[in-house]
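Please work from the sequences and hints to get the whole structure.
Residue numbers (our numbering), protein chains in the order written: chain A, 1 to 371; chain B, 1 to 399.
Any given hint could be a false lead.
[To be verified] Simulated pairs of lysine-lysine, DSS-like, Cα-Cα distance not exceeding 25 Å: (1) A:Lys147 to B:Lys305; (2) B:Lys207 to A:Lys147; (3) A:Lys147 to B:Lys50; (4) A:Lys147 to B:Lys193.
It should be emphasised that the hints constitute simulated quantities derived from the structure, not laboratory data.
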Amino acid sequence: MPPLTPTLSPCKGRARGEGGSGGFFVLSQLPDFTLLLGQLRSGLTTAMFLFLIASGLSLIFGVLKIINFAHGSLYMIGAYVAWHLVHYFVGNSFFGFWFAVLVAASVVGVIGALVERLLLRHMYKREELYQLLFTYALVLVFADACKYIWGTQPVSVQRPDVLAGYMTLFDVRLPYYDTMIIFIGLAIAGGFWLLLNRTSFGRIIRAAALDREMLGALGTNVSGLYTGMFVLASFLAGLSGALVTPIKGIAPGLDVDIIIEVFIVVVIGGLGSVWGTLFGSLAYGITLALGILIQPRFSIVAAFILMAVVLVIRPWCRTQLQALAYGVPVTFGFLFLMLGTPAGIIAGLAVIAICALLIFAPQLMRRRASP
Amino acid sequence: MTITRRAVLGLPLALAAMTGIAHAQGGPIKVGVPIPLSGPAALYGEPALKGAQMFVDELNKAGGVLGRKIELIVRDSKATPDEAVRVAREMILKENVDFLVGTLTSAEGPAVSTIAKENKIILIAPIPKTDQLVAPKNLHPYIFRTASNTTIEGRTAAEIIAKWTDVKRVATIAHDYAYGQDVAKEFAAHIKKLRPDIEVVDQAWPKLGEADYTPFINAQMSKKPDAIFSAMWGGHFVTWAKQAKPLGMFDAVKNRVVNGGEAGSVEATRALGAEYPFGIIANSYDLPTYKDQPATHKAYIERIKAFTKEDPPSSWPIMMYVAMQFLTEGIKKAGAVDSDKVSAALKGMTIQTPFGPQTIRAKDQQADRGEFYGEMIKGPAGAAVMKDAAYIDPKPFMD
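Put into C-alpha cells, the structure is as follows:
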C-alpha cells in the first residue's frame, strides 16, 4: 500500500488504518470519526433540502387530499425565476440574491393561486386517478413552458460571496451555504409547528384536514382556505427551488428528478404530517449518506428499501416515528446482508432480527393475552 | 363525376404511385433523424440537429449529391428507446426515408440499430457512446458510429492521469447507468494496465439525476485519492462541481481531476461562470478556437455561429455535421442511394472533417473520433476556457 501524502488530505484526519478499496465497513474496524461526521453533515443537508420541498407537498396532501405531481415543477419554476432575476436584474450580491429568492418564491405562489383557483378546484370531487392525471398533465405543461422561456442549456447562480466560504468543526468542513439551509429548514419546521398548533388558523387547517364539509357548515370559508394552503405550499416549493440554485445546475428535468425523492420522503414520513415529513427527510438523508459507505453501488436501493420496510412495518407500530426508528436500522441490516460476506450476513441478520423482535413481539404477546 | 367508394379507396394508391414515380425521378434523398427534442436530453438534441441542418442547407445550395437534394425528416425521439424505435419505423414505412442519421442516448442507439438491421437501412449514430452499439455481437452492415465511445473516453482519461507520476491513488465518479459504468470501468482497467502501481481507491456511483452529491464527495475524499476521473456531464457536472468546491475536493487533489462528459464545452463553462473548478482537465467535442486549428475548422465555426446565431457556438452541432458528411461522402463514393452499396463504401472510408481527417474503421464500423482535452483556466470574460487544448487522437489505444 503506498504511503499517504499528508498534503493531499482533505481535512486533517486522525491517524488510522488503511481501509483499502473495499469500503471501510469491514466490521472489524470502526469507521473514521471525521468521515462519519462528514457523512452526517451531508445527510443533514440532503434532508433539509428535501424537507423544504416535501413540506409543501405534504401540506397539500394533508389538507387538500391531492397528490400534487406538479410540485416539482413549481420548484423548477422557482429555480428558473431566481436565476432570471439574478442574471438579468439584481446580480448575486447577498441582498440581490435574497431579493431574487423571495420574489421567485412569491411568483411561484401567485402561479399556485392561479392553478388552484382556475383549474385544481374543479378536481376535488373527482376520483384520485383523475386528480393524479391532471397534476401530471401540469408537469408536462410547465416543463415545456420552462423550456420555451429559458431554453435547454443548464444555468446556475453563483453563491453570494458572503456565503461562499466554509467553517471547520471537528475537522469537518461546513460550507456556510449548507449550514444556512439547515437552519432555514429547521426554522420552517418550527414555523409550521407554531402555525398548526398555536394559532386559530392552524386549528382551522387541522379541522379542514379532518372534515371539510363540517367546517364549511360551521361558517368557515373553506375554498379560500384551500387557495391559501395551495399558495403557501407553492411558495415553499418556489423558495426551495430558488434556494437550490447556488448548489445545483438548473436544467430541464429538475422537476422530475426531485419529485420521486420527495415522494419517498412524504410516504415514509406518513402522508400529510409536517413532523413526519421532517423525520422522513432526516431518515432519507442519513440512510443515503451512511448507506453509500456500506454499499456504494446501491445508493438508490437504500432509499427504496427504507420505503418498503417502513410501509411494511407501519401497521405494527403505534406511530409513524416508531416505524421510521425501526425502519432505518432494518434498512442498514439489509445493506449489510447484501455485502454477502459472512460478517456482513451475520451483522445484517442480527440487526434485522433484533428489530423484528422489538416490533412484533409486543403485538404478538398482546394478541395472545386478549381472549 | 360521382365519387365512388372505389375512387376513394384508390386515391391513396394513386398518390402513392405518383410519389413513387417522383422518387424514382430524382426527388430529394430522404434522411430520417430520430433525435430528442423534448425533455432533458433536448439540451443536446437541439444544437446537434442544427449541425445536420446547416450541412444540408449548404449541400443543397451547392447542388446536392448525385444531382439530388437531401431532405431531413426530423422526429422527436423523446430520449427513450421505445419512442426512438417507433419514430424510426414510422419514418421508414411512411416517409420512405433512405437513411437514418440520429439517436442521442446510449439507450436509443442500440434500439434503433435493430430497426436499421431489420429494414436494411443505414443508421449513422452521431452521439451515443456505449460500446455495446458496435460490439461484435451487435454489429451488422447497417450500423455506423461517428461518435467517440466509452472505451476511447475512459482510456484517454487514463492516458492523461498515467502521466502524472506522483499519483498513486485514483478515484472515479460516474452515474450508475450504461454510459457511466462503461466509461469508469474502462478507465479503471486501462489505468491499471498503464500504471500497475496505481490503486483505484474508490468508485462512486450516484444515480443519474442525483440532487445531492455531497455524501459521495465526502466518502470519496476520505479515501484520500491523489487524482479523480469524473464522468459527470451536462447539468449533473454543474451540480457536482458546485457541491464539491466548498467541500475542498478540488484543492485536496490539487485540481488533478480529469472530467469526461464534455465538461469543457461552452455549455458547461457558461453555466458555471466564475464557479468553474479552474485547473481541472476537461474535454469537449468541439471548441470555438484552439491552437493550430485547420482553416476548415475556422471556417466551420464562422458558419455555425452565423447559422445558430450563437457566440460562442455550441459544441454539439459538429457531431451531426460530421455524421451527415460521412453519409454524403458514402453516397458519392457508392454512386447510388442504396444502403448496401453505401455501407460497403463507408467501411474504411476516410473523409476530411472540419477538424481533420476521420476514418470509419472497417472492422467495427466505428470512427476514430477523439475529443479535445485541456486544462480549464479562467478566461478573459471570467468563465473557464480550455488552455492548450489538444485533439487527442485515440488511434494508438483503440483495440
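These are the hints, each one checked on the structure:
| no. | hint | in the structure |
| --- | --- | --- |
| 1 | A:Lys147 to B:Lys305 | 22 Å, holds |
| 2 | B:Lys207 to A:Lys147 | 24 Å, holds |
| 3 | A:Lys147 to B:Lys50 | 17 Å, holds |
| 4 | A:Lys147 to B:Lys193 | 45 Å, violated |
Hint 4 from the list above is the single one not met by this structure.
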